[in-house]
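Peer 1: Following the hints, put chain S in place on chain B, whose structure we already have.
Chains as they are written, first to last, in numbering that gives the first Met the number 0: chain B, 0 to 331; chain S, 0 to 146.
Incorrect hints may appear among the rest.
Unchecked claim - Where chain B lies over chain S, by a calculated footprint (3+ residues, C-beta under 8 angstroms):
id, region
1, 38–49
2, 71–79
Claimed, not checked - Partial pick of chain B residues on the chain S-facing surface, computed with a CB cut under 7 angstroms:
id, residue
3, Gly60
4, Ala88
5, Asp181
6, Asp185
7, Leu207
8, Trp228
9, Val238
10, Asp267
11, Ser269
12, His272
13, Gly301
Please keep in mind that the hints were generated in silico from the structure rather than gathered at the bench.
Note that CB positions come from ideal geometry on N, CA and C, so glycine has one too.
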Amino acid sequence: MKRHLAIAGLATLVALGAAAQGKGPGKDVYEKTCALCHGPGLAGAPKYGNKADWAARLKAGTAKLYTSALKGTANGMPGKGGNLALSDAEVKAAVDYLVASVGEAKAAAAPAPAKAVPAPTAAKAAPAPAAAAPVAVVPAPVAPPVPRAASAAPGAVATVDPNAFNRLLAAPGKRNAPPAEDGIHDAANPGTHALQPPLTALAGMPPLGAGNRVNWVSSLDGGKIRPRWDRDDATAAAVVMDLNIVREVKGSMPDVVYPHKQHTEWLDCSNCHPQIFIPQKGANQISMASIMLGQKCGVCHGKVAFPVSECRLCHSKKKDAAPAAALAGAKP
Amino acid sequence: MEKISPPGLRARLVGLLLAATACAGLFFAQSDPVRAEYGDVVINNHSDAAGVRPVVFPHWFHRVRFRCKVCHSDLGFKFQAGGNDINMVKIIDGQFCGACHNGSVAWSVENCDLCHSGKPNTPTQVHESTIQSLVGTAAPPAANAKR
Numbered sequence: 000m001k002r003h004l005a006i007a008g009l010a011t012l013v014a015l016g017a018a019a020q021g022k023g024p025g026k027d028v029y030e031k032t033c034a035l036c037h038g039p040g041l042a043g044a045p046k047y048g049n050k051a052d053w054a055a056r057l058k059a060g061t062a063k064l065y066t067s068a069l070k071g072t073a074n075g076m077p078g079k080g081g082n083l084a085l086s087d088a089e090v091k092a093a094v095d096y097l098v099a100s101v102g103e104a105k106a107a108a109a110p111a112p113a114k115a116v117p118a119p120t121a122a123k124a125a126p127a128p129a130a131a132a133p134v135a136v137v138p139a140p141v142a143p144p145v146p147r148a149a150s151a152a153p154g155a156v157a158t159v160d161p162n163a164f165n166r167l168l169a170a171p172g173k174r175n176a177p178p179a180e181d182g183i184h185d186a187a188n189p190g191t192h193a194l195q196p197p198l199t200a201l202a203g204m205p206p207l208g209a210g211n212r213v214n215w216v217s218s219l220d221g222g223k224i225r226p227r228w229d230r231d232d233a234t235a236a237a238v239v240m241d242l243n244i245v246r247e248v249k250g251s252m253p254d255v256v257y258p259h260k261q262h263t264e265w266l267d268c269s270n271c272h273p274q275i276f277i278p279q280k281g282a283n284q285i286s287m288a289s290i291m292l293g294q295k296c297g298v299c300h301g302k303v304a305f306p307v308s309e310c311r312l313c314h315s316k317k318k319d320a321a322p323a324a325a326l327a328g329a330k331p
Numbered sequence: 000m001e002k003i004s005p006p007g008l009r010a011r012l013v014g015l016l017l018a019a020t021a022c023a024g025l026f027f028a029q030s031d032p033v034r035a036e037y038g039d040v041v042i043n044n045h046s047d048a049a050g051v052r053p054v055v056f057p058h059w060f061h062r063v064r065f066r067c068k069v070c071h072s073d074l075g076f077k078f079q080a081g082g083n084d085i086n087m088v089k090i091i092d093g094q095f096c097g098a099c100h101n102g103s104v105a106w107s108v109e110n111c112d113l114c115h116s117g118k119p120n121t122p123t124q125v126h127e128s129t130i131q132s133l134v135g136t137a138a139p140p141a142a143n144a145k146r
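Just chain B, same shape as in the assembly (with noise of 0.2 angstroms):
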C-alpha cells in the first residue's frame, strides 16, 4: 500500500515538473495573474490541480471556460483574471495551463506512471509568448504619450492624426484604466492584478463627462448602487435633509442652487458643519478661486466629487432678467 501511495507521489512529482518545464506563456500568466486566486482558491475560485473544483465546469466545455475567463463571470472572476493588459490568446492559454493541472492530476492518481499529456493544450495557443513577460514594465508600448508638460519637446509628437493631440485630455479608451495600467500601481506587485478594474464596477452606471465618468448621484438614485450608510448595517437609512440654499452670484454666471438632499444622502452634517460651512446663509465667502485650491466646496468637488468642469450642475439657476434690466435702467 505503501509503495502504491509512494509511486502515486512520484508520479505526480513527475507531472508536476513536467508541467513546470515552462509551457510557454500559459504558464507565466497563470502565476502572474492567476495563481492569486486559483492557486489558494481565494473566493470560491477553481484551485488549480484540483479536480473536484474542476469537474463541474469542464463538463459545461472549454469554449465556455474561455468565456468566463475573458468576461468574468458573477461568482467574482473578474475579466481576464482583471488583468485586461492580456490578449485573449495569453487568457486562453492560461485557461488550458489550469485545465492541464487537473488532468494531469488524473493522471497521477492511476497507478501507471501515465507521461504527462498535457502539453498540447497548453502549446497550442502559444502566439504571444513574450507577451506575459513584461508585465513588470506593462505601460511601455502604449500609443503616443501624452506630454503633461508644456516644456515637453513638441517634436517627440509622432502623430498623424491631428485630432490624436490633446494634451490635458485622457482619451475615451484610456479612461477607467485597470490598476496595472494606470501609472500609478507598481504593476510588478502581484496583489495589483487582484485588484477590480474600475469599469467592472462603474460601466452600468448613468455617464457624467468628468470625474470618474459616472454620476454616482444619480446612481444611488437610480438604485443602480446600494452603499452602505452604516458600517455594519445594511438596512440603515440616511438622514436626508431636502432644502435647497440658493447663492446668487455676482458675475453673468446662473445662480448656485444648492441642494441638501443629494448632500445629506452621502454625508453627515458634521462633515460640513461648521468645520467648512458656517450653517447661516450669507456667513460663507465662497470663490472658485478657493473651491479650485481645494477650499470649500474644493474639499470634494475637484477630488471626488464631480470637477468644477461641470458648471451648470451647481450653476443652474437662471437669474431673474427684471431685476437685472432694472438694475441697468437705474444706471445714470
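Peer 2: Showing chain S alone in chain B's frame:
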C-alpha cells in the same frame, strides 16, 4: 582561458542588468502618462521609509459600497490626503482602515500588497484632482523628483 570565471561573469551580468533597469526607469518615468482613476489617493506618509510600496486608496471602489459618511464621520477620516496619521498598529487596533479591514467587514491586514500597491516614491496626493492639475505633481518617481 576562454571560459569567463563565474564571479566575473556574474559581475558583468549584474552591471548590465543595473544599467538596463536604470535606462528603463528613466524612459518610463518620462513617457508613462498617469491615468489614475479620479479620486485615487496615494498615501506615502511612512511607506517609503518603511521599505514598502505606498498605499493606493481608490475612492470609487469604496464609494460603490459605502457612503462618504461611514469613513469621514463615523471612522474619523479627515478630508485631507495624508492628513490622517495612519499606521499599521492603529489599523490592527481597529482604527481607520482597520475598522473594516479586520477579516469581518472586509479582508484583513495580511493581504499587504492589495493596499501597498503603489509605485515606490509616489508622493502623497489625490490623483486627477483639480489642485493636482493646477499645481502639477502627477507623475511618480523621477519626473517628480526633478521639480
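Peer 1: Now tell me if each hint is right for this structure.
Peer 2: To see whether the hints hold, each was checked on the structure:
1. Interface restraint, the region 38–49 of chain S with chain B: holds (3 residues with C-beta to C-beta distance below 8 angstroms; minimum three).
2. Chain B is given as covering the region 71–79 of chain S, and this holds because 5 residues of the stretch bring a CB closer than 8 angstroms to a CB of that chain, at least three being needed.
3. Hint status for Gly60 (chain B) relative to chain S: violated, with the closest Cβ pair at about 33 angstroms, above 7 angstroms.
4. A hinted interface residue such as Ala88 (chain B) counts as satisfied when its beta carbon comes closer than 7 angstroms to some beta carbon of chain S; here the least separation is about 25 angstroms, so the hint is violated.
5. Because the beta carbon of Asp181 (chain B) sits about 5 angstroms from the nearest beta carbon in chain S, less than 7 angstroms, this interface hint is met.
6. Against a cut-off of 7 angstroms between C-beta atoms, the interface hint on Asp185 (chain B) holds, since the closest Cβ of chain S lies about 5 angstroms away.
7. The criterion of a C-beta within 7 angstroms of any C-beta in chain S is not met by Leu207 (chain B), whose closest approach is roughly 10 angstroms, and the hint is violated.
8. The interface hint given for Trp228 (chain B) holds, since its Cβ lies 5 angstroms from the closest Cβ of chain S, which is under the 7 angstroms cut-off.
9. Interface restraint check for Val238 (chain B): the shortest CB-CB distance to chain S comes to about 9 angstroms, outside 7 angstroms, so the restraint is violated.
10. Of the supplied interface hints, the one on Asp267 (chain B) holds, with its beta-carbon coming within about 4 angstroms of a beta-carbon of chain S, less than 7 angstroms.
11. For Ser269 (chain B), the shortest C-beta to C-beta distance to chain S is roughly 6 angstroms, which falls under 7 angstroms, so the interface hint holds.
12. At its closest, the beta carbon of His272 (chain B) sits 12 angstroms from a beta carbon of chain S; the interface hint therefore is violated under the 7 angstroms criterion.
13. With 7 angstroms as the threshold, the beta carbon of Gly301 (chain B) comes within range of chain S, its nearest partner Cβ sitting at about 3 angstroms, so the hint holds.
The structure is inconsistent with the numbered hints 3, 4, 7, 9, 12, although it conforms to all the rest.
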